[in-house]
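From first to last, the protein sequence lines are chains P and C.
Quick note on this note's numbering: the first sequence kicks off at 1 and runs consecutively.
Quick note on this note's numbering: the second sequence kicks off at 1001 and runs consecutively.
Read the hints as simulated data drawn from the structure, not as lab findings.
No residue lacks a Cβ here, since even glycine has one placed at the ideal position from N, Cα and C.
It is possible that some hints are incorrect.
[Unchecked claim] 27 Å max Cα-Cα, derived DSS-like pairs, lysine-lysine:
no., chain 1, residue 1, chain 2, residue 2
1, P, K222, C, K1031
2, P, K222, C, K1318
3, C, K1146, P, K222
4, P, K280, P, K201
[To be verified] The calculated label-pair distances, taken between Cβ atoms and stated as ranges, are:
no., chain 1, residue 1, chain 2, residue 2, range
5, P, T198, C, G1276, 44 to 50 Å
6, P, P135, C, F1367, 52 to 58 Å
7, P, L303, C, F1367, 45 to 51 Å
8, P, F263, C, N1073, 34 to 40 Å
9, P, T198, C, G1415, 22 to 28 Å
10, C, N1397, P, G188, 35 to 41 Å
11, C, E1244, P, I284, 46 to 52 Å
12, C, D1382, P, R45, 54 to 60 Å
13, C, G1276, P, I318, 56 to 62 Å
14, C, G1266, P, T198, 54 to 60 Å
15, C, Q1193, P, I284, 53 to 59 Å
16, P, I284, C, M1366, 39 to 45 Å
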Amino acid sequence: MIAVESRAENRALELLKGIWRNYSVLVVFVGIIGICAIAAPRFLRMDNLLNILRNTSTVGAIALGMTFVIIAGGIDLSSGPVLATAGAVLILLQRMVNADGTPAVPLALAIVACLAVATSFGFLNGIIITKAKLPPFIVTLAVGIMARSLVMYFMRGATVMGNNIPQFTRIGNGSVFSIPIPFLLVVGVAIIFHILLTRTKFGTYVFAVGGNENAARYSGIKVDRIRIATYMIVGLCTGMAATIEMSRMAAVAAATSGSQYEFEAITAVIVGGTSLTGGKGRLIGSIVGFIILGIVNNMMIMLNISPYLSGCVKGAVILFAVLMQRRER
Amino acid sequence: MSNAAVLQMKGICKSFFGVEVLHNVDFGVDKGEIMGLCGENGAGKSTLMKILSGIHAQDAGEVIFKGSVIRRNATPLEMQRVGVSMIHQELILLNELTIAQNIFLCREPRGAAGLINFNRMNEDAARILSKLGEKIDPKRKVRDLKIAQKQMVEIAKAIAFNVELLVMDEPTSALTGKETKILFDLISSLSAQGIAVVYISHRLKEIIDVCHKVTVLRDGHFVATKNVADVTAHEIATLMVGREVKESKASDFPGDPNAVVLEVRGVSDDLLKDVGFKVRRGEILGFSGLIGAGRTELMEVVFGIRKPRTGSVFIEGKPVTIRSAIDAIRVDLGFVTEDRKETGLVLCRDIVDNANYVSWLKNPGMFKGAKATMENTRRIIDRLAIRCSSPAQNVSNLSGGNQQKVALSKWLLSGAKVLVLDEPTRGVDVGARQEIYQIIRELAAEGVAIVIVSSDLPEILSICERVIVMHEGRITGTLNASELSEAKVMYYATDV
Ligand SMILES: Nc1ncnc2c1ncn2[C@@H]1O[C@H](COP(=O)(O)OP(=O)(O)OP(=O)(O)O)[C@@H](O)[C@H]1O
Ligand SMILES: [Mg+2]
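So that you can see chain C by itself, here it is in the shape it has in the complex (with noise of 0.2 Å):
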């Protein structure tokens, strides 16, 4: 052990409910080392820095922070104040407060008389945001940011105090390049003034491009603690799931180009400026573009959340009028949300209920239909290898990709006939990852026209046959899978 170790972690075990999700697990960091940490969904990740973060108590093994033992039953607000800080994987903002509130929680500055001095807390606010190159108003209230801007603010609030060891559990999932690279800037100069940062992500390039080193677990056991230098992403993928990993990339669209399912003509609001899209039977359509392009804003025009102030959708050429989600169903349109959390996922009830809300509605009859509901359960779990104890499983105990997987078997098992997808994929490991795009394929080679809205350019590249680039809800550009490229698509996004 070198004795500039911040941390170590020696045998932890843990259980749920009688299951043990981490098996003797040894962990350390060094003094201004970036740890990557790597490992499938469900393999345990989270529950481990949760350990470290004081949410959960292990069973078993010991915390060394700083040369001395921590507390079995540390609170987070000790962990906290001896410098640990956790950028949860599920944001944990609150909502009706303020961005400024947020960052400051418990911790505000008091001004004369210890009354809160709101003004210096939004200064401070804006100053740490502005160093994460955001701009928004630290005044406005967080229920009203789209998901990368709250994922903005909880990576604010983790560096607005001393930190020596940060956390960052999935922090680049809903973020786009632009974003991405702004953190990894941040996490280089953190690590520069001797902060220990873990790194916990999916996309394995960027663990390469960021982390000194990288340890990988695989159900619950500790497999490995390479030098990134040492390896490619690939290797780190066979390790973490046992085995290879095979990628793919999409070709041009082969089907018929006038079978148009979904059109959407001239969407104008305040964001959206005359925007119109055609997507074809079995074609997989990708939208790309930075935060805040309107991608996700002009998927919620055509499922009917948002109100446009022009704007019209055709189905199989008949235009249709589509005022609520109801409306969008009937029709045979899915749309998979960007935030499970908020609007995908009803986290206090099972992986059946779940699964199978969309497809109870469009069968006929009052009764859930034990048997035909389980079978199809059983059948999405296996084919999307979700990880769970059982179907009966509670949602929220399960991990993050795990959960997306089951916001995604909704939509599957629904039988839609234009299936929207916003970050299909985030938070979902390689291996699953292809398992989904297998999915999505098969689902298109039935004739099930698919749009997938992707801040990973890497996805859009391995599985998009045409892609539509946005800026500032304009359309720049559309390139089909044979022009295809990382800069082309760059170009376009940033419109320059």
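Chain P with its partners taken away, still in its complex shape (with noise of 0.2 Å):
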């Protein structure tokens, strides 16, 4: 009879650690959502929240395509940078002007520019990884650092003003229906990903490649190309970031444009769960890992404190996040 019951309940637990293993990232954000509303009752005030999403769009963008990269087990720590020489080349089409004041370059012709320039980085990163058999961590720091002094020498390190085009500051600035335009093509891009990533057969191949490339090659999947293609998609990604950065900002700073964010947005993705080793992983865990640095750095501001110590929070909320994660023998 004991054993019986005993084993009942070890059942329940069995249940409870399914969830925990498949939602655990969920469970994290739930739980840091309550606590952060008692912390500071204004958190949860409709403003904030949507304050918030605005913020996070544009690592959250990064973070869509380098759930891709990683998953494939890659990584691209040349998504700051890129996203400054592809901001750069937007800002300074769109501040070409004829004798008459109009623009010279339409507008959507320099969104276009600037998303090519990014994805044309994002090749370049795939085409050195794949054809030269370099690490990807050595190949995307190398080819950063190059875009950053290209920036920085093209600028001559300078800030550079982008002119007021409402319909272009509308992309960073605007909201429907009250949610922040920049979040609602995050959150449209992200739908298109998801089927990317799970009902499609390249998203197939992109877990296999990162899960056994050997096996992934000796089945006939062109691993090349899809380690070339997932670099591409993280390239695009942060061309849209740039836009939307370049729209908020409306100027772009040749030393700190896009500073840092490979780092946010690589975080984003270990804390949503994706395995760094590769072949595992989930889109919807990106989204929530990139919406919960929001909120941290959102607190930081709320709770007063200071930004300096921004690092040390998100340094413990990986580790508590992969911790968590961690399974058990």
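Dock chain one against chain two, each of which comes alone in its own frame, and use the hints as you go.
Spelled out as structure tokens, the structure:
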């Protein structure tokens, strides 16, 4: 009898463990919101929440693409500098005017150029990593350093203001039904990416390449192409982040635009439960991950904590989230 | 209970994710006894032994080793210290280290100032390996070894230190007759020294040959422990599966001898010496030989993984250039590799993914097609009797034999014209093995040309219509099913 009961208890325990295993990020997420609500009652006000979403959109966009790269067993350390480069292209194009004061380059074209530049950097990363067979960490680090230095050189290290174009300003600052447009953009891309990752063959191959590159190759999967594609995806996402950022700041700063964003994005992906060793991960986790980071930033301001301590808090969040996700034997 | 008992496991229960895989299992071994452990794929053999060696903790029941109760959460290192050593079914060597470093991992001989004494380590490693009849240089990296050599290193590692109970989980599944013989001599001499051995294998003949007793598990339940002298291999099989298992014998190829699908000519490289062969539509061709004979290497050349110095491949009479697996798949070749962990499976993904990679590649469109995929997967799970909690189960959580079935299913679902199977039933139980043979025969009947590389002679005898025997990179003989016998194959394989 007793044995049977303890067996039933075991079942219930297993079930709870199962929920924890699959949804630990969400559990942590709800917990964090609860704690924040108690610590700072203003936290739960609608305008504050919407503000958090707006502020996290840039890093969020990069995190979406970064998820693909990390699942495929790679990493991209060049996102920040690439954001600055693509942003610089965008600002320089949109501030060019004809003699009569009208924009010389249509806004849409400037944005496309920004996306194209960022995607090309992804392609460059991917090509070097796969063809020269170098570790992604080193390649993207090097490419990132070069990109930042080129921006500094061409802009002479300065900050360049963009022209005030209302349509452009709206991308980062507008709202639809009071929901921030940049967040809507990120959600839209996330939905497409989710389908890409879970429903298409490409998505499955991304997991396969990250899980066991040899087995993927022996199954006839074009491993190099898949990996290049993931770097192009994170490039495209960085271009999108650049567009949002430029629209919000209306300026590009050679030295600081996008600085540290790659680490924020990687943090979001890790907190979201995607494994750095590749082969495992979920987009929804990354979304929760970057929102958690946004909440942390927001709380630092609400509680009047020195911004110098934000690194401490974020580091602790990473350790906590990863510890929680570690499987017991 | 005899007081010579080294190990007693009583009422062991274990569940994974709420599914119970061991129910109240009793198991015991005496000093110097060689105990066979049999059961179908997924019966719980490895799990029981992993509990013993400290990798899993049991949910209920107790383990008594040399008279004292073992702590429930004992670690593998603690178990090694008390004298339990285990050779795992899935090889767990570190690829980037040398053979000697692997053998002495964490227990390296130290010299002055506590530094590792590499000379002594390499010498000791060479000595242990030579006891196993291996002449490989212990300074070589494990990465470069073939799977059979890795298995021998794994065995060397297990016997390098004092053991009182040695668990061997399917040590021979990647070995050929010669190494198996050496291993058996070793087991017997260990037993004579009073060391107890638990021996897990799906080759029942080996159980009969080497063990004193055999314990059978079915579905996580204890079925029986018998003296080997009192049972036949056939009876063990019946106990395992719970029904009669019929064995079959192959006959000569009945089809059109001119309908050659795949022809390989003049392949030479460092190992292979001017090797060529043909296989016809619907034919089942076997490759036999000892480790290092070059069978796997030959197949790797055909599949574009290994670059030969010379050699050409023809598909249906037309020359083709195959530089990669992609090229091979394009001309409808399929290749089940011998090393499922390294090159066959993406362990961290589920059965659905692993079974469908190739068929997705072959079908047009960018979406996977959830319904068709699911139907395919369910069909193959049924057909190969893959034991799993659901098709969404991670392959890493399957038992070894069931992993092998998943590795096979990827290619069975691919619609290949020529299917190369390298050790297709490595670790698969007797019942499921017959199922796989049946599927292979059906595929052949549909016109698929099948090439089987196998170190298991009974397997070659029961399914191949023609057998090519290789020795040190050369083809030494070809035999039709009607003229086939173990003795003849061995004659050519050793090339005396
Ligand atoms: N880590 C795990 N997580 C979930 N299920 C597991 C795990 N390990 C084993 N199982 C399940 O436990 C059952 C028994 O597995 P086990 O590996 O003990 O079988 P086995 O008898 O060794 O089979 P084989 O002959 O194929 O090696 C299987 O159904 C397997 O799916
Ligand atoms: Mg097993």
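Structure-based check of all given hints:
This hinted pair does not check out: K222/P and K1031/C have alpha carbons roughly 54 Å apart, beyond 27 Å. Between K222/P and K1318/C the alpha-carbon distance is near 25 Å, which keeps this suggested pair within the 27 Å criterion. Our distance criterion of 27 Å between C-alpha atoms is met by K1146/C and K222/P, whose separation comes to about 25 Å. Distance check on the hinted pair: K280/P and K201/P sit about 16 Å apart at the alpha-carbon level, within 27 Å; holds.
Between T198/P and G1276/C the Cβ separation comes to about 46 Å, which falls inside the hinted range of 44 to 50 Å. Between P135/P and F1367/C the Cβ separation comes to about 33 Å, which falls outside the hinted range of 52 to 58 Å. A beta carbon spacing of about 47 Å between L303/P and F1367/C agrees with the range 45 to 51 Å that was offered as a hint. Here the CB-CB span from F263/P to N1073/C is close to 38 Å, well matched to the stated 34 to 40 Å.
Range check, T198/P to G1415/C: Cβ separation about 25 Å, and the 22 to 28 Å hint holds. Look at N1397/C against G188/P: about 36 Å separates their beta carbons, and that is inside 35 to 41 Å. For the pair E1244/C and I284/P, the beta carbons lie near 51 Å from each other, so the given range of 46 to 52 Å is met. Distance hint check: the CB atoms of D1382/C and R45/P are about 56 Å apart, consistent with the given range 54 to 60 Å.
Judged by the Cβ atoms, the range 56 to 62 Å given for G1276/C and I318/P holds: they are separated by roughly 58 Å. Roughly 47 Å separates the CB atoms of G1266/C and T198/P, a value that falls outside the hinted 54 to 60 Å. Roughly 58 Å separates the CB atoms of Q1193/C and I284/P, a value that falls within the hinted 53 to 59 Å. Taking 39 to 45 Å as the suggested C-beta distance range, the pair I284/P and M1366/C does not conform, at roughly 22 Å.
The structure shown violates the earlier hints numbered 1, 6, 14 and 16.
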